[in-house]
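Just so you know, the protein sequences line up as chains A and B, in that order.
Numbering of the first sequence is given in our numbering, commencing with residue 4 and proceeding in unit increments.
Numbering of the second sequence is given in our numbering, commencing with residue 448 and proceeding in unit increments.
In silico EDC-like pairs for lysine to aspartate or glutamate, Cα to Cα no more than 20 Å straight-line:
id : chain 1 : residue 1 : chain 2 : residue 2
1  : B       : 595       : A       : 59
2  : A       : 431       : B       : 519
3  : A       : 144       : A       : 452
Just so you know, the hints here were simulated from the structure itself, not pulled from any lab data.
Computed from a predicted structure; not experimentally measured.
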Amino acid sequence: MENFGNLMDGFVIVFSFYHFAIMAAGVLLGILVGVLPGLGAPNGVSLLIPLTFTMDPISAIILLTSMYWGALFGGSTTSILFNIPGEPSSVATTFDGYPMAQQGKATQALTLAFMSAGVGALFGVTVITVLSGWVTQFALKFSSPEFFAVYLLTFCSFIGMGSSSPFKAVVSMMLGFAFAAVGMDGMAGNMRLTFGITELIKGISFLVAVIGLFGIGELLLTMEEGLRFDGIHARIKIRDVWQAILSLPRYWVTLLRSALVGCWMGITPGGPTAASFMSYGLAKRFARKKDGFGKGEPAGVVAPETADHAAGTCAILPMLALGVPGSATAAVMMGGLMIWGLTPGPMLFIERPDFVWSTIASMYMGNVMAVVLVLATVPLFAAILRIPFSIIGPMIVVVCFIGAYQISGARLDLWLALVFGIAGYLLKKLDYPIAPMVLAMVLGDKTEDAFRQSMIFSKGSLGIFWTNSTLVATIMTLALLLLFWPLIGSVVRRLRQAVAAAPAAR
Amino acid sequence: MQNPSGILLQRVTVEIAVALVAAVAGAIICYGSLEIGTGWGDAGPQSGYFPFYIGLSIVIASCCVLIESVIEQRRRQQVFLTREQGHRILTFFLPMLGFVAGAMVLGLYVSLGLYLFGVMTIQGKYRIGKALAVCLSTIVTFYFVFEKWFQVPLLKGPLEALLKIY
Chain A
4 MENFGNLMDG FVIVFSFYHF AIMAAGVLLG ILVGVLPGLG APNGVSLLIP
54 LTFTMDPISA IILLTSMYWG ALFGGSTTSI LFNIPGEPSS VATTFDGYPM
104 AQQGKATQAL TLAFMSAGVG ALFGVTVITV LSGWVTQFAL KFSSPEFFAV
154 YLLTFCSFIG MGSSSPFKAV VSMMLGFAFA AVGMDGMAGN MRLTFGITEL
204 IKGISFLVAV IGLFGIGELL LTMEEGLRFD GIHARIKIRD VWQAILSLPR
254 YWVTLLRSAL VGCWMGITPG GPTAASFMSY GLAKRFARKK DGFGKGEPAG
304 VVAPETADHA AGTCAILPML ALGVPGSATA AVMMGGLMIW GLTPGPMLFI
354 ERPDFVWSTI ASMYMGNVMA VVLVLATVPL FAAILRIPFS IIGPMIVVVC
404 FIGAYQISGA RLDLWLALVF GIAGYLLKKL DYPIAPMVLA MVLGDKTEDA
454 FRQSMIFSKG SLGIFWTNST LVATIMTLAL LLLFWPLIGS VVRRLRQAVA
504 AAPAAR
Chain B
448 MQNPSGILLQ RVTVEIAVAL VAAVAGAIIC YGSLEIGTGW GDAGPQSGYF
498 PFYIGLSIVI ASCCVLIESV IEQRRRQQVF LTREQGHRIL TFFLPMLGFV
548 AGAMVLGLYV SLGLYLFGVM TIQGKYRIGK ALAVCLSTIV TFYFVFEKWF
598 QVPLLKGPLE ALLKIY
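With the sequences and hints as input, model every part of the structure.
Okay, here's the thing in structure tokens:
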């Protein structure tokens, strides 16, 4: 019950007019970012980080997390009304959300989406509240080899569990590590990989990379498709809203299942996108009438939305407690934490309990506020999408580049953002996963430090990753298992085929 | 839907190109690490130790991607970019490139004004007066939001120096 008391303290800190104003501003900006094509949650958070340099960390994290919730909601709005997922994680919402809107049930679809998203998020925060104390206790036993093992596990799960080619995941991730290595070597203090370019001494900021990869790259992809907004006019009717809210308990099985899937995928680095697709698939598999899916089945909106938000909130837990973010957006936020001078990880819970618990408390309030605000402002944001693209397009471009410049006021960053933009476009079109690259850029230095410190402990023997403790051995074995999962999977499949083929041949 | 002549780029071409670029990048990283030492120094692993293996794994993995995509190509051919898509990309990309290049010389404010104005009048077919109004109000809004409210100065050019705005 210690967690509960801490949480109450958090509520007391957050409960002020200033924090509420920041929360509302964050949610509204987030919805805007989620609605606009090309600006997603990771990118939006990156754009805001330079503006938080002068804020105190608690207000700053409230602003960033609120923006994240807003962006998740904004993404669902465009999925339902325009059949354009504002966020990759709301792609699954278009399958049934858009057909519902076409049938004139836009209000129901939106309300169901927002309410189930809210339920998912609150479920996620509750899980965080309950688990955080335990995870921290667990993480306090960690030293360098354990930390390296956890990082390795995170990265291996991207390679082994990803949907695309594992080699592409390796390329993308390793490039991220390489970018992180550029500049000053924190342990030895000398320059590396700058190739004589003085502007590279400060390193390549992951924020620039995120703005390029997610912002400019996404815009190029959108442009290539030829942007068309065939929006459905949404007029929110209060009666429909109530009806939809009252119908929500009917989907309790779907809600619970999706929330669990979401939490799992959020804590492990599966991320919200994978969670929403998985949850949609499960909802369809377990549904009594499968024909309705894809044609406007309400459960098809409830399932991905719940999982998406549950995963989004749960991704914050490993970030705070272990320093291992569970999604690209959480990775960016963690970068922000480090810029504010906080070190994510178990010590954060001990050194700055006020920060941790007010973050968690603000997540409860921010999500409730986001549901209310998003319902109230849907018509407004739908109207923004009707502004011609020849105005809104350049505006988005300008905001992205201004954001890139603000990080450190360097001209080179503008060019870097452009190059990362082209890279993002190419990589995304060729199915290279982008999230591992961002994660590697944020975690690169910490991973390397953990590795080098372990090597110093063991005087250069890799054996330390198995002999230091049973904990580290377990994590390492799990990591290698995940890494070679595609290989193991195909061997098992071949064996099965061989077994199946043998009697047939006879 | 698409006639064969409308194809600008085959997917396999781009796959190979990207894999080669990645492999070269990996090789450059290896080279850069070798310069600073990849072995065991006085204080444990040297600076180049970690990046060297990173570079090496990029080279190996991108070669695997290369082989993979050539094999995949035999199974099915995919189009990367049609002529129409290429056109759309360029009409979006070139003005953006102009904006960044312009910002280097003229500063962000002037460059963003010109960029917005150009796209609105040429691509959006807006009247000059309306486009001008939108551009100027955007510049003023950005100026107050960034310089005054958040106090983060943006890149400025000769025009700002002339007007004595810092």
